[in-house]
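Make one complex out of these two single chains by using the hints.
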Amino acid sequence: MKNFNGKALFLDRSDINTDEIIPAKYLTEISKESLKAYLLEDLKLEGFDPATDLAEKSVIITRDNFGCGSSREHAPWALEANGINLVIAENFARIFKQNMFNCGMLAVELPSETIEKIFKMFADKESIVEIDLKRNAIVIKGDGQQEEFIFSISDFDRTLVDTGGWVEYADSKY
Amino acid sequence: MGKTVAEKIFASHIIDNPSGDINVIRLDAVFCHEITTPGAINDLVARGKDKVFDPSKIKAVIDHVSPAKDSKTALQGKILRDWAKRHKIADFFDIGRNGVCHAIFPEKGFARPGYTIIMGDSHTCTHGAFCAFAAGVGTTDLEVGILKGVCAFHYPKTIKINMTGSLGKGVYAKDAILSVISMLGVNGATNRVVEFAGPVIDSMSMESRMTFCNMAVEAGATCGICYPDMTTVEYLWEFIQDEFNSKEAALEKYIEFAADPDAEYERIIDHDVSNLEPQVTFGYKPDLVKNVQEMEGEKVDQVYIGSCTNGRIEDLRIVAEVMKDNRISDSVRCIISPATPLIYQQAMEEGLMKIFMDAGACITNPTCGACLGMSNGVLAEGEVCASTTNRNFNGRMGKGGMVHLMSPATAAASAIAGRITNSRLYAAE
Numbered sequence: 001m002k003n004f005n006g007k008a009l010f011l012d013r014s015d016i017n018t019d020e021i022i023p024a025k026y027l028t029e030i031s032k033e034s035l036k037a038y039l040l041e042d043l044k045l046e047g048f049d050p051a052t053d054l055a056e057k058s059v060i061i062t063r064d065n066f067g068c069g070s071s072r073e074h075a076p077w078a079l080e081a082n083g084i085n086l087v088i089a090e091n092f093a094r095i096f097k098q099n100m101f102n103c104g105m106l107a108v109e110l111p112s113e114t115i116e117k118i119f120k121m122f123a124d125k126e127s128i129v130e131i132d133l134k135r136n137a138i139v140i141k142g143d144g145q146q147e148e149f150i151f152s153i154s155d156f157d158r159t160l161v162d163t164g165g166w167v168e169y170a171d172s173k174y
Numbered sequence: 001m002g003k004t005v006a007e008k009i010f011a012s013h014i015i016d017n018p019s020g021d022i023n024v025i026r027l028d029a030v031f032c033h034e035i036t037t038p039g040a041i042n043d044l045v046a047r048g049k050d051k052v053f054d055p056s057k058i059k060a061v062i063d064h065v066s067p068a069k070d071s072k073t074a075l076q077g078k079i080l081r082d083w084a085k086r087h088k089i090a091d092f093f094d095i096g097r098n099g100v101c102h103a104i105f106p107e108k109g110f111a112r113p114g115y116t117i118i119m120g121d122s123h124t125c126t127h128g129a130f131c132a133f134a135a136g137v138g139t140t141d142l143e144v145g146i147l148k149g150v151c152a153f154h155y156p157k158t159i160k161i162n163m164t165g166s167l168g169k170g171v172y173a174k175d176a177i178l179s180v181i182s183m184l185g186v187n188g189a190t191n192r193v194v195e196f197a198g199p200v201i202d203s204m205s206m207e208s209r210m211t212f213c214n215m216a217v218e219a220g221a222t223c224g225i226c227y228p229d230m231t232t233v234e235y236l237w238e239f240i241q242d243e244f245n246s247k248e249a250a251l252e253k254y255i256e257f258a259a260d261p262d263a264e265y266e267r268i269i270d271h272d273v274s275n276l277e278p279q280v281t282f283g284y285k286p287d288l289v290k291n292v293q294e295m296e297g298e299k300v301d302q303v304y305i306g307s308c309t310n311g312r313i314e315d316l317r318i319v320a321e322v323m324k325d326n327r328i329s330d331s332v333r334c335i336i337s338p339a340t341p342l343i344y345q346q347a348m349e350e351g352l353m354k355i356f357m358d359a360g361a362c363i364t365n366p367t368c369g370a371c372l373g374m375s376n377g378v379l380a381e382g383e384v385c386a387s388t389t390n391r392n393f394n395g396r397m398g399k400g401g402m403v404h405l406m407s408p409a410t411a412a413a414s415a416i417a418g419r420i421t422n423s424r425l426y427a428a429e
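Chain order of the listed sequences is D and W.
All residue numbers for the first sequence refer to this note's numbering, where the first residue is 1 and numbers rise by one.
All residue numbers for the second sequence refer to this note's numbering, where the first residue is 1 and numbers rise by one.
For reference, chain W alone in the conformation it holds in the complex (with noise of 0.2 Å):
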C-alpha cells in the first residue's frame, strides 16, 4: 500500500513510539519567534539545562514586535538575542534583516521537503508549501525541540483536497482557501494532515502554495502540504545548487515525497474553484465566508495588507496594480508591511512603494505587527478591518474590533472605496 507524504516523512523521522500511535519524531528544523520563545529559554535556563540540540538546526527571528514597543518586548527581544548569541545560532534575524517568520525562514531556503519543522506559532504549517512536516507547538513542545530536536506527534490520518478547475480573472490562492476553510470547518482538519494536489495547486507559484498552507490549522489541521515540483526547485535552487547536480536531479530527489498514487486517506475531497467568486469572512470565525458581492458596501476603517498570509511580493505586486493611479479612501487608513527586507527592496525597485504612497498608504517595516494585534495598527472598538491576514477572531486585532479576512486584490479595491468592494471594478483588462 502507498503512503501520504506525511506517512513517508514519518517512516525516515520516527525514533520512538511511547504509546498507542504517539511517535516521537527527529526535528530537522526548529524556528523561534520573540513571543513564545523567552519561556522556553527562561525555563531551560532555570532547570539548569540551557542547551541546544544543534545550533546551525534553530533558526530565531525577533518578529511579532519589532522595533520593541516597550519595556517588556524589549526584554523579550533580548532574551532571544542573547540566547542565540550564546548558543551561535548564526541564522537569527534582527532588526534590519528581520521579517515575518514564516515568510522569512523560506526565502532564506530553510524548509525544504521531506523536512520536520515546529515553531512555537500556528501559522508553521505554512511552511507544507515545500512539502515538509510543519507544525505549529507549544512553548513546552518548543522547548523539548530545542533541548532535544524531537517532538511526539499522532500518527497521521490525512485529508486529500484535489483543487480542480482553473481560479478566475480577480480570484487567488487566499479566496481558494477561505472556500476549503468554509467547507471543512474550523475543525474539520483537527489532527489531520490536508494535502493540497491537483491542477490547481499544480499551477500555483510558491508564494500562492504558502498562502495556501498558511491557513491550513484555520480548519484545526497539524500542517497543510503540498506536493515537491519544478515549481519547488527553481525556488529553492539557489540553496541546493551544491546539492545537486542539476534541477532534474533535485526533482527527482524530492518526488519521492510526493503522496504515492495508491495512498490511503481519511477522505479525499474535490473542489472545483472554476467558479468560484472573490471571497471574505464576515464574523469570528475563518469559516465563516461568503462571495464578496454579498458584503460589497459594508463599513470599513482600516485596511492591513501583510502578514505570513498575504505580505509577499507576489500579494504587492496585486496590490500595486489595484492602487496604481487610485487614491485610497479618505475615510480609511490603509497599512501596507512587506513581509522580510527582501520584499521590501524589491517593492522600491519595481516601484510598488511609490504607488502605495502616491495612494496615500502607511508603509510599515516588516513585522507581525497588526495581526494579532500586538502592535503597528491596533483596532479600536467598534472599528472594522479589511484584512489579508489569516485570523478573525473576536478581539484579535484589539478589543471590540471586526475583522474581514480577504485577498490582496479586494483588500486594495477596498481601501480604495473606503468599503469592502470587489476587487474586479479595478482589475486590469
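The following block holds chain D by itself, in its conformation from the complex (with noise of 0.2 Å):
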C-alpha cells in the first residue's frame, strides 16, 4: 500500500483541470518518473509556484471538480511521481478520481463546508496530514491545532487501495 500521511499542499481553487496537473506536451513521456519536473507547472493560481510550493508536499487539499478535463492517467502518475497519493478535495471528474483508485491512490472527497473548515483553519500553516484508513479519518495538524474528519469510501474504492490497484484485482478475477 501506498504512504497517504504528510505536509498539506492547499490549492485554493475549484476545477484544476488535468490540463493544468501535466500539460499535453509532457504526454509525450511514457514513464511516471519523467512526468515528476512538470507536475502543475501552468497553474493559474495567484502566487503559486511550483519549484517551491510542491517542495516535500506529500497530500493536496483542493476545492471543487478536482481532475477534470482529459482522461491522462498521466495527471495522478506526476502527482504520484511527486510522492502525492492523496488528494481531498469537494469532489473530484469521474475519470481523474476513478484513474487514482486504480492506481492505488486516494481521492478523498469531503463536503464543501467542511473543505471551508480545513482552509480556514490550517491553509495559512505548516500543516500535517494522517489518515487511519481502518476508521476512515483524517487527522490534520497544524500549529498546535488538530482535527479528525471523517471520509466514506467504497469497499471497492477501498479493495484498489488495498490491493494497489485495477490490474491486480481484474486479473486475479475476470
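Keep in mind the hints are simulated off the structure, nothing from the lab.
Hints may contain errors.
[Said to hold, decoys possible] With a cut-off of at most 30 Å between alpha-carbon atoms, the simulated DSBU-like pairs for lysine-lysine come out as follows: (1) D/K44 <-> W/K299; (2) D/K57 <-> W/K78; (3) D/K25 <-> W/K69; (4) W/K253 <-> W/K399; (5) W/K78 <-> W/K399.
[Said to hold, decoys possible] Far from chain W, some chain D residues (derived; all Cβ distances over 12 Å): (6) K7; (7) A51; (8) D53; (9) L54; (10) A75; (11) E130; (12) R135; (13) K141; (14) G144; (15) Q145; (16) E147; (17) E148.
The structure presented is a predicted model; accordingly, all values stated were derived computationally and were not measured.
We put the CB at the ideal spot given by N, CA and C, even for glycine.
Here you go:
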C-alpha cells in the first residue's frame, strides 16, 4: 500500500483541470518518473510556484471538481511521481477519481463546509495530514491545532487501494 | 418501471457487482490511440501479460501526433504499431489511413446502438450519438479493457435533456451544446449519463449528434447518448446490411435501446433553442459562454477548424459556404484539419479544398494536432484562437494561449474578419 501521510499543499481553487496538472506537451513521456518535474506547471493560481510550493508536500487539499478534463492518467502519475498519493477535495471529475483509485491512490471527498473549515483552520499553516484507513479518518495538525474528519470510501475503492490497483484485482477475478 | 438507455445497456452487460453500485460490464469495443495506450501496453508486457481479450474488438489509431514530430512521439507510434501487428489487430489505422479517433471509428461503423465502448480519451462520449454507452477512461482501465474486455462503472444515473424548438439560421449543434454546458456547468453532470432527446436531436444528422455527445464530458458526464432512429440506421447501413433484411428490421432491433417512456431520471430539463444565438466561450472553462454579439470584435491570432468535435464533412461544407469568394484576414492564420482521409477526399471532390486554399487557409492532414497543444498549430504566449474544438482550458493549445470555442460557421467568419464575428454576416440568403 502507498504512503498517504505528510505535509499538505493547499490549492484554493475549483475546477483545476488535467491540462494544468500535467500539460499535454509532456504526454509524449511514457514513464511516470519522467513526469515528475512538470507537475502543476501551468496551474492558474495567484502566487503559486511549483518549484517551491511542491517541495516535500505529500497531500493536496483543494476545492471543487478537481481533475476535470482529459482522461490522461499522466495527471495522477505526475502526482504519484512527486510522492503525492492523497488528494482531498469537495469532489472530483469521474475519470480522474477512478484513475487515482485504479493506481491505488486515494481521492477523498469531503463536504464543501468541511473543506471550507479545513482551509480556514490550516491553509496558512505548516500542516500535516495523517490518515487512518481502518476508521476512515483524516487527522490534520498544524500550529498546535488538530482536527479529525471522517470520510467515506466504497468497498471497491478500498480494495483497489489495499491491493495496489485495478489491474491485479481484475486479472485475478475476470 | 421503464429503463433509461444506459440501464438497458447495463442490463445485458453486467458480469459482476463487486460492491455497492459498482458494476463490472462486458465491453463490445476497446478503442486505442498512441498517447494513452503505450503505457498500458508497456505495463502488460512488464507484467508478463502481453495479451488482448479479443483482437476483433480492439480498434487502434495513431492520431494525436501524426506524422510523428520527434523521437518520443515516433516511439509512441511504434509501440502501438508493433502491438497491433503482434496481436493481429486488423482495425489499426496508421499514416495515410488515419484520422481523429472519434471521427474515424464511427465512419468505419465501429459504434453501434447498445454497445459498450471505452477508450483512453475523455471525448469517447462522442460515440453515444449511436446510442452506445461510450466512456473515456484512464490508462489502467484501458489496460484491463485490453486484457479482459471489462470495465467497472457506477450504476448509471441519468439526466434527460429534452431539446425543443428549432435551431435558427446560422445556429448549429455546437451552439446548442455550448448552451447546454453553460446551463449544466462544468461538473453539473459528473458521474451521470446525459440523454439528449427531443425534436432538435431527432432532426439532426449523425455528424451533429456526434458534435453534441462529444462535449457531454465538458459538463462532467460519463457519456452523452442519443436514441437510435432511421438516421442512425442510414448512417450504419453499409456496415450492418448483412445482419438485417431491411432498414426497418434494423430500426426495430435498435429502437429497443431507446429509453422507455416511463424511465426514471434524476432530472429532466426542457431546453428550447428557438431563440438561441451563435455561442462563443470567453474564459478558461467550457461553461463560460456568451452570445456571439457580446464577443464581436475580440482579437484572434489563429483560427482552428477541425477536431473530434467539428472536423467532419458537414462542418467543412458550412465553412466553405462562409469562405467562398472571401479572403482570410492577413492578421489571422487559419488551420483546417479534415478529421479523416474520407472527409479530406470528399472535401476535395466537392471543391471545398479549393475554396479553403483560395481563401488562404492552411490545410493539414487528419490529426488531433493543435486541439490539445501537442502538434500542428500550438499557440504562442498571449495568442488567441477561435476554435471549433471542445476545450478551452488555460494553456490547452499552448502555454499562455486563449481558446474561444465556437461553431465552424463562427470560426470561418472570424477568420475572414480577423476578429470574432457573427457568421450570419456571411450566411447565404
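Grab the minimum beta-carbon distance between D/Q145 and chain W and tell me whether it stays above 12 Å.
Non-interface label stands for D/Q145: nearest chain W Cβ at 31 Å, farther than 12 Å.
Are D/K44 and W/K299 close enough, with their CA atoms no more than 30 Å apart?
Distance of about 22 Å is within 30 Å: holds.
Verify that the Cβ of D/G144 lies farther than 12 Å from every Cβ atom of chain W, and report whether the claim holds or is violated.
holds (36 Å)
D/A51 clear of chain W by more than 12 Å, beta carbon to beta carbon?
At about 16 Å from chain W, D/A51 clears the 12 Å cut-off, so the statement holds.
Do the alpha carbons of D/K25 and W/K69 lie within 30 Å of each other, as the hint requires?
At roughly 11 Å apart (the allowed maximum being 30 Å), W/K69 and D/K25 satisfy the hint.
Regarding the assertion that D/D53 does not contact chain W, is the least Cβ-Cβ distance greater than 12 Å?
holds (17 Å)
Find the nearest Cβ of chain W to the Cβ of D/L54 and say whether that gap is larger than 12 Å.
Check passes; 18 Å lies beyond 12 Å.
May I ask you to check that D/K141 keeps its beta-carbon over 12 Å from the closest beta-carbon of chain W?
holds (31 Å)
Does the structure keep W/K78 and W/K399 at a Cα separation of 30 Å or less?
Status holds; Cα separation ~28 Å.
Hey, does D/K7 actually stay past 12 Å from chain W on C-beta?
holds (26 Å)
Please verify that the nearest CB of chain W lies beyond 12 Å from D/R135's CB.
Given that every Cβ of chain W is farther than 12 Å from that of D/R135, nearest at about 19 Å, it holds.
Minimum Cβ distance from D/E130 to chain W greater than 12 Å, as the annotation requires:
holds (26 Å)
In this structure, the earlier hints numbered 2, 4 and 10 are contradicted, and the remaining ones agree with it.
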